[in-house]
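Sequence lines, in order, name chains A and B. Sequence positions in the first sequence follow the UniProt record's numbering and run 1 to 265. Sequence positions in the second sequence follow the UniProt record's numbering and run 1 to 265.
Wrong hints could be hidden among the right ones.
[As the list claims (entries may be wrong)] Computed list of lysine-lysine pairs in DSSO-like fashion (alpha-carbon distance at most 30 Å, straight line):
1. A:Lys69 to A:Lys131
2. B:Lys82 to A:Lys45
3. A:Lys45 to B:Lys131
4. A:Lys13 to B:Lys82
5. A:Lys13 to B:Lys69
6. A:Lys13 to A:Lys45
7. A:Lys87 to B:Lys87
[As the list claims (entries may be wrong)] Facing chain A, according to a computed beta carbon distance under 10 Å, are these residues of chain B, among others:
8. Asn2
9. Leu62
10. Lys110
11. His257
Everything labelled a hint here was simulated from the structure, so no lab data went into it. Even for Gly, the Cβ is constructed at its ideal location relative to N, Cα and C.
2 protein chains.
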Amino acid sequence: MNVLIVFAHPEPKSLSASLRDVAVQELEAAGHTVRISDLHAMRWKSEIDRADFPSLAPDERLIPVAASKHAFSGDTLTDDVKAEIEKLLWADTLILQFPLWWFAMPAILKGWVDRVFAYGFAYGVGEHSDKRWGDRYGEGTLVGRRAMLVVTAGGWEEHYAPRGINGPIDDLLFPINHGILYYPGYDVLPPFVTYSTDRFDDARFEAAAESLRDRMRTLETTYPIPYRRQNGGDYHIPAMQLRSELSEPGASGFALHLKDAAASS
Amino acid sequence: MNVLIVFAHPEPKSLSASLRDVAVQELEAAGHTVRISDLHAMRWKSEIDRADFPSLAPDERLIPVAASKHAFSGDTLTDDVKAEIEKLLWADTLILQFPLWWFAMPAILKGWVDRVFAYGFAYGVGEHSDKRWGDRYGEGTLVGRRAMLVVTAGGWEEHYAPRGINGPIDDLLFPINHGILYYPGYDVLPPFVTYSTDRFDDARFEAAAESLRDRMRTLETTYPIPYRRQNGGDYHIPAMQLRSELSEPGASGFALHLKDAAASS
Numbered sequence: 001m002n003v004l005i006v007f008a009h010p011e012p013k014s015l016s017a018s019l020r021d022v023a024v025q026e027l028e029a030a031g032h033t034v035r036i037s038d039l040h041a042m043r044w045k046s047e048i049d050r051a052d053f054p055s056l057a058p059d060e061r062l063i064p065v066a067a068s069k070h071a072f073s074g075d076t077l078t079d080d081v082k083a084e085i086e087k088l089l090w091a092d093t094l095i096l097q098f099p100l101w102w103f104a105m106p107a108i109l110k111g112w113v114d115r116v117f118a119y120g121f122a123y124g125v126g127e128h129s130d131k132r133w134g135d136r137y138g139e140g141t142l143v144g145r146r147a148m149l150v151v152t153a154g155g156w157e158e159h160y161a162p163r164g165i166n167g168p169i170d171d172l173l174f175p176i177n178h179g180i181l182y183y184p185g186y187d188v189l190p191p192f193v194t195y196s197t198d199r200f201d202d203a204r205f206e207a208a209a210e211s212l213r214d215r216m217r218t219l220e221t222t223y224p225i226p227y228r229r230q231n232g233g234d235y236h237i238p239a240m241q242l243r244s245e246l247s248e249p250g251a252s253g254f255a256l257h258l259k260d261a262a263a264s265s
Numbered sequence: 001m002n003v004l005i006v007f008a009h010p011e012p013k014s015l016s017a018s019l020r021d022v023a024v025q026e027l028e029a030a031g032h033t034v035r036i037s038d039l040h041a042m043r044w045k046s047e048i049d050r051a052d053f054p055s056l057a058p059d060e061r062l063i064p065v066a067a068s069k070h071a072f073s074g075d076t077l078t079d080d081v082k083a084e085i086e087k088l089l090w091a092d093t094l095i096l097q098f099p100l101w102w103f104a105m106p107a108i109l110k111g112w113v114d115r116v117f118a119y120g121f122a123y124g125v126g127e128h129s130d131k132r133w134g135d136r137y138g139e140g141t142l143v144g145r146r147a148m149l150v151v152t153a154g155g156w157e158e159h160y161a162p163r164g165i166n167g168p169i170d171d172l173l174f175p176i177n178h179g180i181l182y183y184p185g186y187d188v189l190p191p192f193v194t195y196s197t198d199r200f201d202d203a204r205f206e207a208a209a210e211s212l213r214d215r216m217r218t219l220e221t222t223y224p225i226p227y228r229r230q231n232g233g234d235y236h237i238p239a240m241q242l243r244s245e246l247s248e249p250g251a252s253g254f255a256l257h258l259k260d261a262a263a264s265s
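With the sequences and hints as input, model every part of the structure.
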């Protein structure tokens with residue numbers, strides 16, 4: 001299996017980097033091939049701007065969606081972006097590894113998504129009509145592949161619990177798992193999250209490492225988060241509202257988009 | 001009133017920029033003073049790395065939280081970050097304006113948060129003990145000030161509805177409104193969101209502009225989102241779990257952290 005790890009921490013001696021090395025070692029020991037996009041080491045450019053679209057005329061208004069579509073279809077994306085797209089097409093499994101900063105990914109990783117997930121590649125794929133609203137949420141370019149987050153959080157696990165003040169970790173990660181990974185077709189595995197990383201000692205590191213090794217050993221067999229496919233019949237098209245019979249009346253929130261939530265209601 | 005607009009779109013002729021100008025004109029006509037941090041025009045640096053901490057020794061491991069704490073307390077943050085902190089302390093109201101890319105803010109704005117919201121300024125404020133877990137979520141450096149998001153989304157409004165496939169817009173923005181703005185003390189106003197911006201004509205622009213003008217006229221009187229204060233008695237300390245009597249049994253999700261949710265349950 002080919003595994004791409006996109007890694008976003010500025011310090012090579014960080015806890016994050018040590019966990020990444022644990023994952024790589026375990027994957028390679030199992031015979032998998034691993035490539036790493038170490039965004040800080042690559043000096044990844046985070047911002048979408050005119051420099052991303054060399055074919056845009058100097059006096060032409062930059063409309064990012066239109067420019068992305070034009071550049072992807074005309075093969076004029078910049079070389080750094082093309083290289084990442086090539087890695088994504090090579091990888092059977094994608095791992096995004098990052099510290100949780102302000103309840104989201106660091107800017108450099110968001111910039112990787114903003115720039116690499118081009119129109120025609122990760123969105124804007126498939127027919128858009130009143131019968132079908134694109135190949136997304138369970139369909140699309142990356143269907144049949146797996147993706148997973150590996151996240152380090154400084155705060156306490158309790159604060160990310162279902163009733164914790166930060167909000168439940170699964171809800172905080174939904175915009176990434178569902179909105180960024182499931183959207184272009186990935187099967188998304190439950191995230192690996194380790195907490196209170198500001199207070200790690202050797203024993204806690206080893207426990208986290210062993211848990212991560214186990215997740216790497218089971219990458220191919222772990223059951224994905226059971227999100228609902230957009231075009232699988234659960235949503236009205238093109239309004240994309242969940243059919244009313246699939247949840248309790250008045251129910252709302254991200255959990256509606258899990259098949260299990262319906263089964264248990 | 002002093003208003004700071006942090007603006008994150010790469011194109012000066014964009015719909016976002018036109019809406020920004022509408023807001024500025026309305027605020028200035030009402031006698032307010034407006035400053036703008038136009039992140040692309042400023043060539044804002046998005047990534048946290050060693051260059052942010054000139055006082056860090058070359059062979060010292062970069063631990064972002066510790067480095068941020070040290071730099072803020074020792075007044076060794078970089079000049080670009082210091083200038084933004086000064087603007088935040090000047091502003092009675094903060095507006096973050098951005099296009100919603102992949103269900104989150106663009107990388108350049110996330111990088112503004114990551115770098116400007118320093119330890120000791122926006123987090124790590126106040127006593128941390130088993131009796132009190134810091135001044136955050138309704139307390140902190142920026143208490144008594146207001147903040148608001150102005151967001152342009154390419155997708156359909158229906159897709160962001162309570163049962164829409166993207167997830168409800170209020171839940172998608174919760175990590176920003178609650179986790180980034182309420183956390184250091186802001187009163188957070190309901191966001192201004194305009195949809196289907198890929199298909200705007202003059203009539204739709206004028207309708208959006210008039211709605212935004214109204215929001216600017218009522219900045220000082222709009223009722224904030226009624227998030228629960230961390231230290232107001234609603235949470236167990238230090239586990240920060242919402243007290244069980246404050247919601248229905250088994251309730252979960254971001255809406256738990258709204259006072260109204262409790263009142264209506």
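Here is what the structure says about each hint:
| no. | hint | result |
| --- | --- | --- |
| 1 | A:Lys69 to A:Lys131 | 22 Å, holds |
| 2 | B:Lys82 to A:Lys45 | 23 Å, holds |
| 3 | A:Lys45 to B:Lys131 | 43 Å, violated |
| 4 | A:Lys13 to B:Lys82 | 28 Å, holds |
| 5 | A:Lys13 to B:Lys69 | 19 Å, holds |
| 6 | A:Lys13 to A:Lys45 | 22 Å, holds |
| 7 | A:Lys87 to B:Lys87 | 41 Å, violated |
| 8 | Asn2 | 24 Å, violated |
| 9 | Leu62 | 4 Å, holds |
| 10 | Lys110 | 4 Å, holds |
| 11 | His257 | 7 Å, holds |
Violated hints for the displayed structure, listed by number in ascending order: 3, 7, 8.
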